[in-house]
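For the record, the sequence lines run as chains P and S. The first sequence begins at 36 in the working numbering and counts up one residue at a time. The second sequence begins at 3 in the working numbering and counts up one residue at a time.
If you're looking for bench data, these hints aren't it; they were derived computationally from the structure. All figures in this text were calculated on a predicted structure; none of them were measured in a lab. Built from N, CA and C at the ideal position, the CB exists for glycine as well. You may find that some hints are simply not true.
Said to hold, decoys possible - Below are the SDA-like pairs computed for lysine to any residue, each with C-alpha atoms no more than 20 Å apart in a straight line:
| # | chain 1 | residue 1 | chain 2 | residue 2 |
| --- | --- | --- | --- | --- |
| 1 | S | K94 | S | V76 |
| 2 | S | K173 | S | Y190 |
| 3 | S | K173 | S | N249 |
| 4 | S | K153 | S | L177 |
| 5 | P | K165 | P | T150 |
| 6 | S | K162 | S | G93 |
| 7 | S | K126 | P | Q302 |
| 8 | S | K126 | P | L62 |
| 9 | P | K157 | P | L64 |
| 10 | P | K225 | S | Y246 |
| 11 | S | K5 | P | S176 |
| 12 | S | K5 | P | L172 |
| 13 | S | K5 | P | F173 |
| 14 | S | K173 | S | V158 |
| 15 | P | K225 | P | D299 |
| 16 | S | K35 | S | P231 |
| 17 | P | K225 | S | N249 |
| 18 | S | K5 | P | N169 |
| 19 | S | K174 | S | V158 |
| 20 | P | K225 | P | Q159 |
| 21 | P | K131 | P | I266 |
| 22 | S | K159 | S | L185 |
| 23 | S | K94 | S | P110 |
| 24 | S | K94 | S | H175 |
| 25 | P | K225 | P | R304 |
| 26 | P | K131 | P | F147 |
| 27 | S | K126 | P | F154 |
| 28 | S | K173 | S | K35 |
| 29 | S | K126 | P | R304 |
| 30 | P | K157 | P | S170 |
What the hints assert, rightly or not - Derived coverage of chain S by chain P (criterion: at least 3 residues anywhere in the stretch with Cβ under 8 Å from a Cβ of chain P; other residues may be distant):
| # | segment |
| --- | --- |
| 31 | 75-87 |
| 32 | 102-113 |
| 33 | 150-164 |
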Amino acid sequence: MKNNLAFEVFYLVLQIFGIFTISFILLHLVPGDPILVMLGESSTISDRVALRESLGLDQPLFQQLYHSLRGIFQGDFGVSIFSQQPVAQLITEAIKNTYVLAITSLMITLTFGLTAGFFAAKNQGQWLDKWISNSSLFFISIPHFFLGPLLILLFSIFLGWLPVSGMSGFNSIILPALTLALGLLAVTIKMTRNCMVDLMNSDVVRTARAKGLSEWSVMIHHVFRLVLIPIVTLLGMQFGSLLSGAVITETIFSWDGIGKLLVDSIQTRDYPITQACILLIATSYVCINFLTEILYQFIDPRMRHS
Amino acid sequence: MNKIALFFFAVWSFFVVVRLALNWDANEMIFYKILSDPSTDAWLGRDDYGRSILARLIDGLINSLTIVFIVTLVASSIGIIIGVVAGYFGGKIDQLISYFINLFMSFPGILLAIAFAAILSPGKLNLIIALSIGSWVSYARLARAQTLITKNCDYVKASKTMGSNDFWILKKHILPALQTPLLVEGTYSVAGLIIAEASLSFLGLGIQAPEASLGGMMRDSVRFLLVSPHYAIFVGASIMSLVYCINATGDFLHKYWNVEIIHDR
């Protein structure tokens with residue numbers, strides 16, 4: 036177990052390093068000169084040379100890679116070409132907003148997903164079960180860029196309950212969080228329901244009932260704990276789709292998170308921000324995967340001893 | 003096959019044929035009809051430049067499908083070659099390739115595509131590259147698993163005993179056995195690619211305006227939700243119906259050929 040953990044941490048660092056190197060090399064190999072973008076076509080050659088030297092872009096690729104790696108270890112991600120603000124500051128602000136959004140939608144998913152899945156399984160084959168299954172099928176297949184506008188149409192324009200976009204007050208998080216959550220929620224409901232149906236006919240539950248436990252205690256101590264295992268795996272695995280969904284959702288709702296920062300930086304050719312965003316998104320994805328694995332070993336004792 | 007899917011399929015093909023026969027101009031702008039409601043001259047209304055939404059939808063469909071077709075061709079060729087080589091030759095090569103497959107597998111394809119599209123700056127060629135990078139892995143994984151199964155079949159062993167060389171076995175036994183599972187997998191992945199392409203175009207990383215694309219239209223329509231909600235609904239519903247059709251085709255092929263899709267081996 037201990038050796039295993041050390042190896043996985045090592046692998047994690049290796050993965051992040053690999054992502055950084057690949058994105059760095061690609062960004063610098065792609066045709067298109069950042070100097071030209073910054074100064075414009077009409078700039079003089081001496082200006083270009085001076086700026087290139089001051090940014091260190093005239094050095095060999097390997098040395099540049101070394102310099103920016105050293106910078107990152109010191110918490111220095113460079114300066115935004117467009118707004119001249121330090122990238123680290125812009126990025127911390129953005130990632131905070133994205134995490135608020137992501138965690139809100141994860142909460143929505145967990146609360147409603149487990150509850151709805153529970154009731155669907157309890158009323159197996161009845162109208163409630165069928166209704167929940169059919170509507171979750173709809174939400175699984177709807178892409179984020181359509182669900183967002185639909186929710187705006189319904190709740191902001193037609194009913195007028197919630198703001199269309201922006202980040203003012205508590206109300207404005209509801210629609211983006213719902214947009215992110217509904218697809219994941221549908222998958223969670225389906226999985227919870229199917230797992231519970233399987234479990235309720237299993238030996239574990241039969242034994243628990245035969246022992247004379249109350250229905251409530253069977254549900255909480257036996258069924259629910261076992262359902263959590265696949266749900267945690269599912270949510271960990273789906274975190275990537277949550278992140279890519281966040282890129283789209285933040286663009287729709289003008290939510291100042293990492294996804295919107297990434298898309299905006301691409302449009303303004305702000306290379307340092309683009310690179311930092313990609314690194315950060317990839318790193319959080321890899322780290323969440325790692326944490327899922329650890330959490331998995333806590334929930335499922337069988338994983339610990341094998 | 004699923005009746006609803008067949009219906010959508012018929013509607014889409016009808017409009018594509020009409021579009022090609024009548025040669026609609028999707029870029030014709032009528033400025034006094036900006037964001038107008040559906041009418042006889044533009045069945046789904048007009049967009050913010052006074053262009054017919056229906057004509058642009060069909061053009062967008064053709065553009066998206068072209069991109070998706072090329073990506074599928076590129077990704078499946080790369081994936082099949084890599085997967086078959088890994089599965090057939092095994093050993094060190096297999097270990098190395100499996101490492102890369104796992105590395106790419108650990109990221110969802112759409113996230114990879116967004117990241118690479120971000121690095122590579124917007125454009126059609128870069129869109130194709132980004133989507134291919136995001137989607138070759140599933141083909142490679144399937145091809146590798148299928149090759150491993152076929153390699154150990156008696157008829158392949160018999161062929162080997164009779165002196166066939168590797169090239170002959172690959173051509174006569176391994177590749178034919180890959181056909182049906184890969185076609186089914188390919189159909190499903192086309193549905194995913196349409197969403198991925200639309201997402202990238204929606205973010206402004208894919209097909210660039212003024213060329214019509216499903217994602218690009220979705221992006222424009224969101225800006226005019228208040229004035230003309232039908233624009234967004236038509237575009238969104240068409241993307242969903244398209245994806246639904248393709249997934250239903252995948253289900254149909256899956257059942258019809260009765261194939262087993264095996265990824266891990």
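Next item on the list: Provide an ascending list of the numbers of those earlier hints which the structure does not satisfy.
Entry: 1, 2, 3, 9, 15, 21, 22, 23, 24, 25, 26, 27, 28, 31 and 33
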